[in-house]
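Student: Each chain is listed here by its residues.
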Amino acid sequence: MADGGVRAPRNAKAIAFPARRRGLRDRAVLIASRVGASLLALALAAATAPALAQQDAKVFQFALENGLQVTVVPDHRAPVVTRMLLYRVGAADDPPGLSGLADFIQQAALNAGNATSSNNGARNCAFTTHDYTAFCQQIGKDRLRAVMSADADRLANLALSDRNVRDGADAVLADRRARVDGNPQALLREQMEAALFLSHPYGRPVTGWPEEVRHIGRIEAQAFYDRHYPPNNAYLVVAGDVTPDEARADAEATYGKLTAHELHPRAEFAQPPRLGETRLTVLRDDVRMPLLLRLYRVASYTEARPGEAEALQVLAQLLGGDPTSALYRELVIRRKLATETRAFYEGYARDDGEFGIFARAKPGVRPEVLQQAVDGIVSAAMQTVPRMADLERAKTQLVADAVYLHDDQISLASAYGQSLAIGLTAQDVEDWPNRIRAVSAEEVRKVAAGDVILREAVTGYLLPATQ
Amino acid sequence: MRHFHREGTKHTKWCGNSCSREVRARSAKGITAEAQRRREIAERLSAPWRLCGWLAFGATNFIIAGADFVVKWLFEAERCTKALIAALSCLAILTSSSAFALDVHTVNLAKGQQVWYVSDRSLPVIAMSAAIPAGSAYDPTGKPGLAAFAAALLDQGAGRLNADAFQTALANRAIRLSVSCSRDWLIVSLLTLTDNAKDAFHLLGQALSQPRFDADSVARTKEQILSRMTEDGARPDRVAADAFYGAFFHDHPYAHPISGNRAAVSAITAGDLKHFASAHWSGSGVRIAVSGDIDGPGLTVLLKSAFGRLALRNPPAIPTAMHEGGAGVRDVPVPGPKSVAAFGLPGVLSADRDYTAAYVANFILAGSLSSILAGRDRSSFDSEVSMQLITDRKAGFVLGEMTSQPSVMRKAITLLRGTLRDYAQDGLAQAQLDDAKAALTGAFPLAFDSDVATATHLNEYQRAGLGIDYVRKRNALISAVTLDQVKRAAKRLFNPSRLTVTIAEGQPPSRQSSAIDPQNR
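These protein sequences, in sequence, are chains A and B.
Numbering of the first sequence is given in the numbering used here, commencing with residue 5 and proceeding in unit increments.
Numbering of the second sequence is given in the numbering used here, commencing with residue 1108 and proceeding in unit increments.
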């Protein structure tokens, strides 16, 4: 343990670790040690973080008798504990015709039992992705026990009545109205993802299509909940002012009482081939400035060959990570075509990831002109390796992100949680900075040429309706 | 390990000067509505900790916070946004149980400068939050938006470095510098690895004392501000907030939008910016909070390189807002399917004897999912409501926001009035007060869970004029509040006949969207 590694489970597991994946995904699990995880570096050490290397930065992992996988990340700087519980069920698991069901369950679970008390000041959050559902809670250590058992109870015994299912569906719809319908950029991205992923469920919005959300009934919701929410389908990440032994005792006293169920394999979906670029234009009354968004379907951290996902991460930083990136320098500073630019890689997914480029046009600039300029920058990245100074700066930024992320408990817990929930390991999280450092200029050029290609892309314009 | 030491039971008598905060510290505009909060949450929870230049990168968070669509965050404080933040900044320690206090130290710089710091060597990072009294309230007559414009240029070149060279110098060392502007303050946040701290503080020093305001940077930033303004014109939360401040503050310097208006910003010149910076980016009245891998002597050296070259010039006085409010409802049309109402009531200044009670009263009304408004919200408003107690330096007020569909907004406002009336008249039960105290005191340590959070919150207390012992006393203040005091404060605050409401009224969709091939348009 002195090397800051990940401790193996100390308990024999009564129930085997749930079978994670079938088919292609077994490959992903096998290569898990080679693939990456987010923004995180315990073993960052040497070059940039001597103080970090000196401290006992450790992660502890064990399983409860009921199969719940526990990861403890001690951080004793403040008397605060963050717990994040992640279920390996997400919007991709929504049954056909019932999109939004996983999100609905998350909202129902979050709202259950919250109505009577402000919970000793605990800060709660919950979110649903296509791959997993997470509940987190941050609380002062002196209040931990008071809140923890109630919380475990709430998640374990979600009671769904006709009434609260109807209310829950209304809440999901209201939430959609607030977040998506009134946000043209969100609508654009929803349309583009539907086009990007073709029949794969990543193309369905996490919040669901409203027509389908209205079809959610108590029976379907209960069946979904019963099937996907046993403790052996979950990961618990505890970060904060807690020792592994305390965390174990707390977890056993609360989540340990939940009963394991047999797990059904998750559905596997084809990621159909894309034979050509898709283009779409969304016109809206509530849009003022034309905006260009391009999304590419690319390899995720779970699918990528060694170094590929990391190279995509570096490429995103080089193209549009900050005001020293290629897009900003070229489009905003030099050619004065845009007021904002950005590139991003979202690689934490069980299936394909996304690479995105965003630009907001300056008044009077046509989106086609902006797009040509973007295409020019991307094709330059395909043909030419990045300058060494730019590459080093991009890597420095990413590696520092991993250190900064350690400053924030919720971010820390999410970094481990999101990786575990999609089948990566804690070791992947810790190795990430080293893998980023190892990315070469030629690898960056290679992913630009091989992954960020128009056949795998949707190009979207968001324009004022009056234009 | 940050030094938290335990304190015994303590009963402090009622003390007037208590919690206060500046919610909009990190916002470029009035009410920090949904989007701002979500952006913060997304920043906090999604990938890395990024403090990109707010202007250049802020809005892209819509897209980037895939959070909003790919991942969907739902904080418990969904409908009581600011109250949550308030709960975190408005700390308390429960008298009955053990109490924690942070070891906050001071460094003596120049006269009139206040420095608090917490030394914590466990991570190789240093976080600073610093405020200079150079917010939008200091905009000269006829030049609204000047302070925010100047703030946006703070990281756009200094000394011998032009904007790109300055950004490159920051990026090469992974230094996160972000700047924002509130009504009272220019707020600078800095996050750096210890190894790069010297460069980080030196670069900030250059930015503050030798800003360049190059013509191309000024032009580019102006485009960005105007572009943002255009976008915001279609956002009901922004429209409602701007209208509210205008109605509520009349001719007070708080009345105009922080970012000004299109005509004024278009007319601002590099000369105006230079003049503003040299007059207002002064060392006097600066409030600095630091947390992280540093000790007192080391910090003194760093701070001298950042702030030591600033002239010590007192800012002009801002008058206290005397006649807040303009009761009634005002409408402003906006496109889109949503309506947003901003509303408010005269409140209390942080020095007011009713302040802590008022804060607790607001928390019970609107501060959590178990709050009275949240309950109403669920059952009848068909809308989202949030309310917060704001204490700017020269005005205390209650500020709320309600999001609804246009067809039911009027009804929701009526319900809101009824809820306020009931609360002010019938008061509340002891159990509600006890629950609120448990929540407020329990949330205390959460405000110090990171170096960034510690620096941010300490700086909030400094801006509110609180003393360095505030963190230690906070518990007793909250715990000592009695039911009668809270009832009295509720009666004083929540008088529906004084309510000022501005509604950004959404329009029913006409031809909202269509998908066609741009080639065939």
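Watch out, some of these pointers could steer you wrong.
[Stated by the list, open to error] Here are the computed lysine-lysine pairs in the DSS-like style, where the Cα-Cα straight-line distance is at most 25 Å:
id, chain 1, residue 1, chain 2, residue 2
1, B, Lys1329, B, Lys1218
2, B, Lys1218, A, Lys340
3, A, Lys145, A, Lys261
4, A, Lys340, B, Lys1411
5, B, Lys1218, B, Lys1501
6, B, Lys1411, B, Lys1381
7, A, Lys145, B, Lys1580
8, A, Lys145, A, Lys62
9, B, Lys1580, B, Lys1518
Think of the hints as simulated: they come from the structure by calculation, not from any bench.
Student: Now look at each hint and say whether the structure bears it out.
Tutor: Status of the hints after comparison with the structure:
| no. | hint | verdict |
| --- | --- | --- |
| 1 | Lys1329/B / Lys1218/B | violated (35 Å) |
| 2 | Lys1218/B / Lys340/A | violated (45 Å) |
| 3 | Lys145/A / Lys261/A | holds (22 Å) |
| 4 | Lys340/A / Lys1411/B | violated (38 Å) |
| 5 | Lys1218/B / Lys1501/B | holds (23 Å) |
| 6 | Lys1411/B / Lys1381/B | holds (22 Å) |
| 7 | Lys145/A / Lys1580/B | holds (20 Å) |
| 8 | Lys145/A / Lys62/A | holds (20 Å) |
| 9 | Lys1580/B / Lys1518/B | violated (43 Å) |
The structure shown violates the earlier hints numbered 1, 2, 4 and 9.
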